[in-house]
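Each chain is listed here by its residues.
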Amino acid sequence: MNKTRRIETTVELVRILVAIGIAYLIALIILYAISDDPIFIIRQFVLGPLSSQRRIGSIINLAIPFTFTGLCFCFMYAVNKFNLSGEGIFMFSGCIVTLTSIYLGKSGLPPVIMIPTLLIMGALTGFVISLIPAYLDAKLNANIVVVSLMLNSILVFLSIWILKYGMRDPSIGSLGSLPIPETARFASIFGKFKIQAGIFIAIIAVIVVAIIFYKMVFGYKMRVVGSNPSFAKASGINMLGTIILAQLIGGSLAGIGGACEILGNYDRFKWSASTQHGFDGLMVAVLARRNPILVPITSLLLAYIRIGADVVNSKGDIPIEFITVIQGIVILLVAAEEFMGGFKKRLIYKAAKDDLKSDKEIVVQEILADDESKTEARKESME
Amino acid sequence: MAQEVLRMDNITKIYDNGFVANKNITFWLNKGEILALVGENGAGKTTLMKVLFGLESPQSGSVYINGEHVKIENTLDAIDKGIGMVHQHFMLLPSLTVAENVALGIEPMKKGLFDFNKAVKMTQEVADKYRFNIDPLSKVEDLSVGQMQKVEIMKVLIRGAKIIIMDEPTAVLTPQETDELFEQLLLLKEGGHSIIFISHKLEEVKRICSRVTVLRHGYCLGSYELENMNESDISRLMVGRDVVLKIDKEDPKPEEVVVKIKNLVKINETGKKVIDGISFDIRKGEVVGIAGVEGNGQSELSDVLCGMDTFSSGEVKINNQDIAGKTVHEIRKMGLAYIPEDRMRHGCAPDLSIKDNIISDRFFLPEYRKGLFIKHKYIDQLVDQYIKDFEIACDDKNQPVRMLSGGNIQKVVVAREFTSGSNFILANQPTRGIDVGAAEMIRKTIVKKSRTEGTATLLISADLNEVLECSDRLLVMRKGKVVAAFPKANEVSEDELGEYMLGIKTMTAKEMENVL
Chain A
1 MNKTRRIETT VELVRILVAI GIAYLIALII LYAISDDPIF IIRQFVLGPL SSQRRIGSII
61 NLAIPFTFTG LCFCFMYAVN KFNLSGEGIF MFSGCIVTLT SIYLGKSGLP PVIMIPTLLI
121 MGALTGFVIS LIPAYLDAKL NANIVVVSLM LNSILVFLSI WILKYGMRDP SIGSLGSLPI
181 PETARFASIF GKFKIQAGIF IAIIAVIVVA IIFYKMVFGY KMRVVGSNPS FAKASGINML
241 GTIILAQLIG GSLAGIGGAC EILGNYDRFK WSASTQHGFD GLMVAVLARR NPILVPITSL
301 LLAYIRIGAD VVNSKGDIPI EFITVIQGIV ILLVAAEEFM GGFKKRLIYK AAKDDLKSDK
361 EIVVQEILAD DESKTEARKE SME
Chain B
1001 MAQEVLRMDN ITKIYDNGFV ANKNITFWLN KGEILALVGE NGAGKTTLMK VLFGLESPQS
1061 GSVYINGEHV KIENTLDAID KGIGMVHQHF MLLPSLTVAE NVALGIEPMK KGLFDFNKAV
1121 KMTQEVADKY RFNIDPLSKV EDLSVGQMQK VEIMKVLIRG AKIIIMDEPT AVLTPQETDE
1181 LFEQLLLLKE GGHSIIFISH KLEEVKRICS RVTVLRHGYC LGSYELENMN ESDISRLMVG
1241 RDVVLKIDKE DPKPEEVVVK IKNLVKINET GKKVIDGISF DIRKGEVVGI AGVEGNGQSE
1301 LSDVLCGMDT FSSGEVKINN QDIAGKTVHE IRKMGLAYIP EDRMRHGCAP DLSIKDNIIS
1361 DRFFLPEYRK GLFIKHKYID QLVDQYIKDF EIACDDKNQP VRMLSGGNIQ KVVVAREFTS
1421 GSNFILANQP TRGIDVGAAE MIRKTIVKKS RTEGTATLLI SADLNEVLEC SDRLLVMRKG
1481 KVVAAFPKAN EVSEDELGEY MLGIKTMTAK EMENVL
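Residue numbers (my numbering), protein chains in the order written: chain A, 1 to 383; chain B, 1001 to 1516.
Looking at chain A on its own, in the form it has when it is part of the complex:
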């Protein structure tokens, strides 16, 4: 049996690598077909993102919000609730945090107080917002996917409304908020890499989430509830509380993500459409197989593909939309759990057959002979 476990883990890993490999191969073939200078484009796509310190920094900066929203969806997944409000929360939290920072900026608070306050504000926003679909689902049995998607639309337009009527800077030509005060902005670190300081918060978040999942009582409850709700009920676990709280924690993480994104990369709030970070997070969580420890890795992978697309877009004749196609292929193959299932089964059968050879066959004569000697012994002792 131990062998089966090993095969399952190995195949899982190989499967993801092969999925990515196939997606790249398809991408390369298409590039070859539609580009005038395919070799150059391919090199740009594969190596471009790693060609300068700045670009590597961009990958990491892009991976930070993915990590937050990825962790968010790990929680939603853990309790089997497809609460998609992370998308809207990310943008709305950015908006609320900007608004708060503008107000607090006037009071001249130092960064050590300012930044934590704003992060808490972001988390709180996510906490409160995610309560809406979670509560409606639990109490009124409203379809959580529909509710959270509708909620996302509301949040997007609410953010734009706040931007337009609450904090618009009339002195700039485009639509944008008043500047975020210097005391609230994250420093850019590691010199030429220009990585935003939010990376530390992301690292801490991953560690905390891993502890919640695997070390804490709450994480245990969450795993039982997500794995088999009927069993959780029969064991006397408070399902409702666990399911709601998990979603609230998830929402808070998306909220912190939005805050870090705004404070780390922008000088003013100027999002006028949904940022897609939430849905990217969904993708990250699926790729990481709901395991929070793998979230940073899959975030980096997704970011790498995105930056590759940017590079190709700026250097060559390939439109950025093309990259979305490649992403789709990767997700399709990784999310399809039975992809390479036949290969896995063959390995398992083979291992089982090998075991069968060393398995001692039950010999009938032995059983009966053993028995006869016993009965004889019994007879003798009776005599």
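Simulated from the structure, these hints should not be mistaken for laboratory data. By construction, the Cβ of each residue, glycine as well, lies at the ideal position given by its N, Cα and C atoms. Misleading hints may appear alongside valid ones.
To be verified - Quick list of the computed label-pair ranges, beta carbon to beta carbon:
id, chain 1, residue 1, chain 2, residue 2, range
1, A, Lys-353, B, Asp-1080, 26 to 32 Å
2, B, Asp-1396, A, Lys-353, 23 to 29 Å
3, B, Ala-1393, A, Phe-157, 57 to 63 Å
4, A, Asp-354, B, Asn-1398, 19 to 25 Å
5, A, Ala-142, B, Asp-1396, 41 to 47 Å
6, A, Gly-21, B, Leu-1113, 51 to 57 Å
7, B, Leu-1113, A, Ala-33, 16 to 22 Å
8, A, Ile-154, B, Ser-1060, 55 to 61 Å
9, B, Asp-1080, A, Gly-21, 42 to 48 Å
10, A, Ser-358, B, Glu-1107, 28 to 34 Å
11, B, Ser-1057, A, Ser-153, 44 to 50 Å
Please arrange chain B on chain A, whose structure you already have, making use of the hints.
What follows is chain B alone, placed relative to chain A:
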């Protein structure tokens, strides 16, 4: 020389989790014989039959019918080749009539519409031919279990099956219904049908079969003429030792009442009284058994007692605390331990580890945690000890439960519930579908806990042998009521029990007065 109608040659079946259910099994079936296929649960009987019926595809091996090599890809193939299977759990539509059930899949048509009259006629013909006493117009939900089984057999016959697989047909029957079934099977045998009879009740095997094929741990230990074998020979081949079906136990010394059930009534969503005014006590140090044909309110009673479901009226007290409106968590705190009927649904989380499954009812206790954190080291030690104590065959405590065999999964459930420190154990079908060794251990532990620790136990089981052996007092449930109560289970015979289960006899309230 008998004519061989079926041969399965060198069948090896490996499941996707790496479990080898059949290891190079070869056996054959002669025309007009009843062949017994015996083996413990998990020995591979059902898998082998699923391979034959096209429900599973084997990794290697071949099937011959009438000497001809055939490939059975799916059940339609199997039916086409004259193979029929009567499943252990009936595959019937309760709200349709017998005729509609029998004709399902081979519906006679008239002008593109279902010809009901023709279906009735077809069913009646089969019933007459094989002497089944069943009205094709009655609804399946109104039939008894024994009659439902007849419908299943008719379904197989009308499709022209010559080889009939019966998967533990007597498991759900009372002794009287079993007799009737056997007469029917002998009739079929004379009519030239060949039957594979799966059972682990050896006296039944001796009664109607001529040959026996023994499976054990996926191997075939050969086929034997039954006239040369006695029951203990077969059981030794099955398990490698004599199976002790008797449990030695001292008389109980019941003390104070632990569970008090008074006038309990449960009306379900459809307005049917599924529990109809039940009252009885369970005392400290005794095992109360409930026998009955399945579906007579036992599952509902179990659900109500553990808090998975609500009840309509009446009163249930565990250790003097009322359970009305309480959650499962609160009732467990009052002293309930619960072995559920369906272990994969309510007894475990298959994807989680043995360890995670064992602590599910107690992780919140101060002993198992330090503030918000789980005390992993302490729990690891404890779980390792339980794995040893309850002889759970596994790699280690981190192995997902789904990779274990049925018997070992049930041992995980039992390890949790028996170590919870509760003084009331509700055991619903605790040994269903598990191997003899594991079943024996579980039964012995139930009795031992009541004697040494004074646990009050309610044992609900469809296995008559189990309730008769393990219980002190024995109740019989029928249509949501207690229809019989015996002060000493070991003085009751299976036949007598069967009469009460079928409703041939009923005790009056006065007769049962002192036993409840």
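Checking each numbered hint in turn, tell me which of them this model violates, lowest number first.
7 and 10
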